[in-house]
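One line per chain: the protein sequences are A and B, in this order.
Residues 1 to 403 (our numbering) make up the first sequence, in order.
Residues 1 to 147 (our numbering) make up the second sequence, in order.
Simulated from the structure, these hints should not be mistaken for lab results.
Owing to the predicted nature of the structure, the values given are computational and were not obtained by experimental measurement.
Cβ atoms here follow ideal geometry from the backbone N, Cα and C, with glycine treated the same way.
Some hints here could point you the wrong way.
To be verified - Have a look at the derived ranges for each label pair, beta carbon to beta carbon:
1. K4(A) with V68(B): 28 to 36 Å
2. V41(B) with E96(A): 44 to 52 Å
3. P5(A) with E101(B): 51 to 59 Å
4. A103(A) with L95(B): 45 to 53 Å
5. E101(B) with K130(A): 32 to 40 Å
Said to hold, decoys possible - Quick list of in silico lysine to any residue cross-link-like pairs, SDA-like style, CA-CA up to 25 Å:
6. K44(B) with S159(A)
7. K254(A) with D52(A)
8. K2(B) with G25(A)
9. K17(A) with Y132(B)
10. K225(A) with M139(A)
11. K165(A) with V41(B)
12. K136(B) with N7(A)
13. K165(A) with P103(B)
14. K165(A) with A40(B)
15. K17(A) with A127(B)
16. K44(B) with T346(A)
17. K4(A) with H138(B)
18. K167(A) with P42(B)
19. K17(A) with I327(A)
20. K44(B) with S156(A)
21. K19(A) with L5(B)
22. K19(A) with L6(B)
23. K70(B) with A12(B)
24. K165(A) with I97(B)
25. K2(B) with I11(A)
26. K2(B) with L58(B)
27. K313(A) with I288(A)
28. K167(A) with V41(B)
29. K4(A) with K143(B)
30. K167(A) with T104(B)
31. K17(A) with H138(B)
32. K17(A) with L5(B)
33. K254(A) with D128(A)
34. K19(A) with V280(A)
35. K56(A) with M367(A)
36. K31(B) with N203(A)
37. K17(A) with R305(A)
38. K181(A) with P106(B)
39. K136(B) with L16(A)
40. K31(B) with R206(A)
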Amino acid sequence: MDNKPLNTVNIAFHTLKRKPFRTTGLILLVALFAFTLFGGTVLSQSMENGMDNLSKRMGADILAVPYGYEADIQSALLRGEPSTFYFDADTTEKVESVEGVEAVSPQLYIATLSAGCCSYPLQLIGFDPKTDFIIRPWMSGSLEHSLADGEIVIGSNISAKVGQKLKFFDQTYLVAARLDKTGMGFDNSVFMNLTTAKQVVWNSERIQAHPVAENDNLISSVIIKIKSGYTGKDVANNILQAYAKEGVHVVVAKNMISDISGSLRGLTTYILILAGVLLVLAVGVLIIVFSVTLNGRKREFSIFRVLGATRSKLVKLILCESCLISIFGTAAGITAAALVVFPFSTYISTLLGLPYLQPSPGVLFLMAALSFLISFATGPIASAYAAVQIGSSEIYTTMKEGE
Amino acid sequence: MKNRLLSGITVAVFGLLIALVPVCIFPACSKVIETAAGGAVPMKCFWAGQAEIGVGLLILCGGILLVVFKSPLTRIGVSLMTALAGVLSLLIPTLLIGGCEMPTMPCRMTTFPTLYVLGALTVIACAANAFYLWRKNHQSRVKADGQ
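Bound-form chain A, shown alone:
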């Protein structure tokens, strides 16, 4: 210990240094628990935030899509995967006449080949500003006027500033607003009015044939709001009964959200179970290790007592050793989790395929602090029994037992 004072922390530190393998093993165990706890909490909280955002932004009760494209619209909404599917535009009027329907608005989905900004296919969504009741409310904070022809609103993942121009199919469009991060597919989408969307399609015709350029009277989906007093299921059945034969199919928003909630619940349960198992394992192993090493160190503690150390000093020594293990393990675990969860957040959200929105820095800090406290507590809790045992034993008996 060289010139360091002989206080509890230094003695505990020296004892841990004397057994490097045991100390490293225990630190790794606590680190694994802290990693799972913090990483798992951030992951499940981010998915929960994404889910809340999806419920808030969904707006529509039912989506009418061409038969066979139900999965496509879900992947466009959740992950922004570029999709193209079309049916006749008069479906809007047909659906509007169905009992229980309050409002309808058509949408046109176009997938780009490669955008000038990043050479990556994007989902372009054309909507009708006059009838739309989903997209306009999101823009209320960022766009004052109604979206004019040639203007676009971009998702948060698209790299362009308001006032800049983006090029699609050799034609430039003015970025009028940029949406906040949603954690959904809309982050990778570009919104425009139907006239601009059709203009994009006509421009794309020079590169590849497009069904909308051939037939101007096509749309991709109809968003439907139902009247109060009707359920989504009833109105969906009404639509199917009337127009299923014409190739119209429906996606009920509530069902889609509850499906995603189900998989989210499953994932969160797995994370909680894993964290619980690791907590029990960490505390259990630490209890065993401290009890076993205590028996081997009885002579050492007797000598401390003979040299004048009080019982409370010995208790402090054992608790200090466990606290040091906990601090190093927790710090390593939380740092490792932060190095995985934060830089790779986009990759994780892509792998999960679920709405993923990371909490604000304040919430993340609170989660880190809470995880630190819980993980740190494992050491002192596990060593409490051993500390009490050594604190209550007599010098002579301990010395005899240690021989």
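Position chain B relative to chain A; hints supplied.
Chain B in isolation, oriented as in the chain A frame:
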């Protein structure tokens, strides 16, 4: 000897991983940009990856030198230079070359985050090793002066 091996091998592994990330672990975007003349050039994240291969190999050499050299002062120098190479590995994707703008592109999703983590770990490991060696060297000098 134990510290020499541990620090040298750790840094060498980080260097090797930095060099391998753009090659086979998480390759950068493979698409090419078509020029007006009809040619095809790789995107800038590809060049960032190429530069990272060089920096990674430099860090790998730094790690090997940490194992080979015995003199603490030489090892301090090697550690500091390797830490600076680690800083360079962080600057290439962020400031010096950069990559694609869209966060969902492979380079921004996997290649660069891995390089940030490995670069940061290299800087921390080398700086800690330099500090440890400096303190050890200082202590042994004080001891020698005392005798």
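Hint check:
The hinted range of 28 to 36 Å is satisfied by K4(A) and V68(B), whose Cβ atoms lie roughly 33 Å apart. A C-beta distance of roughly 51 Å is found between V41(B) and E96(A), which places it inside the suggested range of 44 to 52 Å. Taken as a hint, the range 51 to 59 Å holds for the pair P5(A) and E101(B), whose Cβ atoms sit roughly 56 Å apart. As the Cβ distance of A103(A) to L95(B) is approximately 50 Å, the hint placing it in 45 to 53 Å holds.
The beta-carbon spacing between E101(B) and K130(A), approximately 33 Å, falls within the hinted interval of 32 to 40 Å. A distance of roughly 16 Å separates the Cα atoms of K44(B) and S159(A); the hinted pair therefore holds under the 25 Å criterion. Using a Cα cut-off of 25 Å, the hinted pair K254(A) and D52(A) holds, with the two alpha carbons roughly 13 Å apart. With a C-alpha separation of about 18 Å, the suggested pair K2(B) and G25(A) falls inside the 25 Å cut-off, and the hint holds.
Distance check on the hinted pair: K17(A) and Y132(B) sit about 16 Å apart at the alpha-carbon level, within 25 Å; holds. The hinted pair formed by K225(A) and M139(A) meets the criterion: a straight-line CA distance of about 19 Å does not exceed 25 Å. A hinted pair counts as satisfied when its Cα atoms are at most 25 Å apart, and K165(A) with V41(B) qualifies at roughly 23 Å. With a CA separation close to 23 Å, the supplied pair K136(B) and N7(A) stays within the 25 Å bound.
Restraint check for K165(A) and P103(B): satisfied, since their Cα atoms lie roughly 19 Å apart, inside the 25 Å limit. The hinted pair formed by K165(A) and A40(B) meets the criterion: a straight-line CA distance of about 24 Å does not exceed 25 Å. For the hint linking K17(A) to A127(B), the alpha-carbon distance of about 22 Å falls within 25 Å, and the restraint holds. For the hint pairing K44(B) with T346(A), the CA-to-CA distance comes to about 20 Å; that is within 25 Å, so the pair holds.
A C-alpha spacing of about 16 Å is found between K4(A) and H138(B), which places the hinted pair at or below 25 Å, so the restraint holds. Note on K167(A) and P42(B): the hinted pairing holds, with a Cα-Cα distance of about 20 Å set against a maximum of 25 Å. At most 25 Å may separate the alpha-carbon atoms for a hinted pair to count; K17(A) and I327(A) meet this at roughly 15 Å. Between K44(B) and S156(A) the alpha-carbon distance is near 22 Å, which keeps this suggested pair within the 25 Å criterion.
Distance hint between K19(A) and L5(B) is fulfilled; the C-alpha atoms sit about 20 Å from each other, no more than 25 Å. Between K19(A) and L6(B) the alpha-carbon distance is near 18 Å, which keeps this suggested pair within the 25 Å criterion. Between K70(B) and A12(B), the direct Cα distance comes to roughly 17 Å. Compliance with the 25 Å bound is thereby established for this hinted pair. A distance of roughly 24 Å separates the Cα atoms of K165(A) and I97(B); the hinted pair therefore holds under the 25 Å criterion.
For the hint pairing K2(B) with I11(A), the CA-to-CA distance comes to about 24 Å; that is within 25 Å, so the pair holds. A distance of roughly 23 Å separates the Cα atoms of K2(B) and L58(B); the hinted pair therefore holds under the 25 Å criterion. Restraint check for K313(A) and I288(A): satisfied, since their Cα atoms lie roughly 22 Å apart, inside the 25 Å limit. For the suggested pair K167(A) and V41(B), the alpha carbons sit about 19 Å apart, so the restraint of at most 25 Å is met.
Of the pairs offered as hints, the one joining K4(A) and K143(B) holds, with about 15 Å between alpha carbons and a cut-off of 25 Å not exceeded. Restraint check for K167(A) and T104(B): satisfied, since their Cα atoms lie roughly 19 Å apart, inside the 25 Å limit. The suggested pairing of K17(A) with H138(B) holds, with an alpha-carbon distance near 21 Å, which does not exceed 25 Å. Annotation: proposed proximity of K17(A) to L5(B) holds, straight-line Cα distance about 19 Å (limit 25 Å).
For the hint pairing K254(A) with D128(A), the CA-to-CA distance comes to about 24 Å; that is within 25 Å, so the pair holds. For the hint pairing K19(A) with V280(A), the CA-to-CA distance comes to about 24 Å; that is within 25 Å, so the pair holds. Under the criterion of a C-alpha separation no larger than 25 Å, the hint pairing K56(A) with M367(A) is consistent with the structure, at around 24 Å. Between K31(B) and N203(A), the direct Cα distance comes to roughly 23 Å. Compliance with the 25 Å bound is thereby established for this hinted pair.
For the hint linking K17(A) to R305(A), the alpha-carbon distance of about 22 Å falls within 25 Å, and the restraint holds. The suggested pairing of K181(A) with P106(B) holds, with an alpha-carbon distance near 19 Å, which does not exceed 25 Å. Proposed proximity of K136(B) and L16(A) is supported: the alpha carbons are some 20 Å apart, at most 25 Å. Note on K31(B) and R206(A): the hinted pairing holds, with a Cα-Cα distance of about 22 Å set against a maximum of 25 Å.
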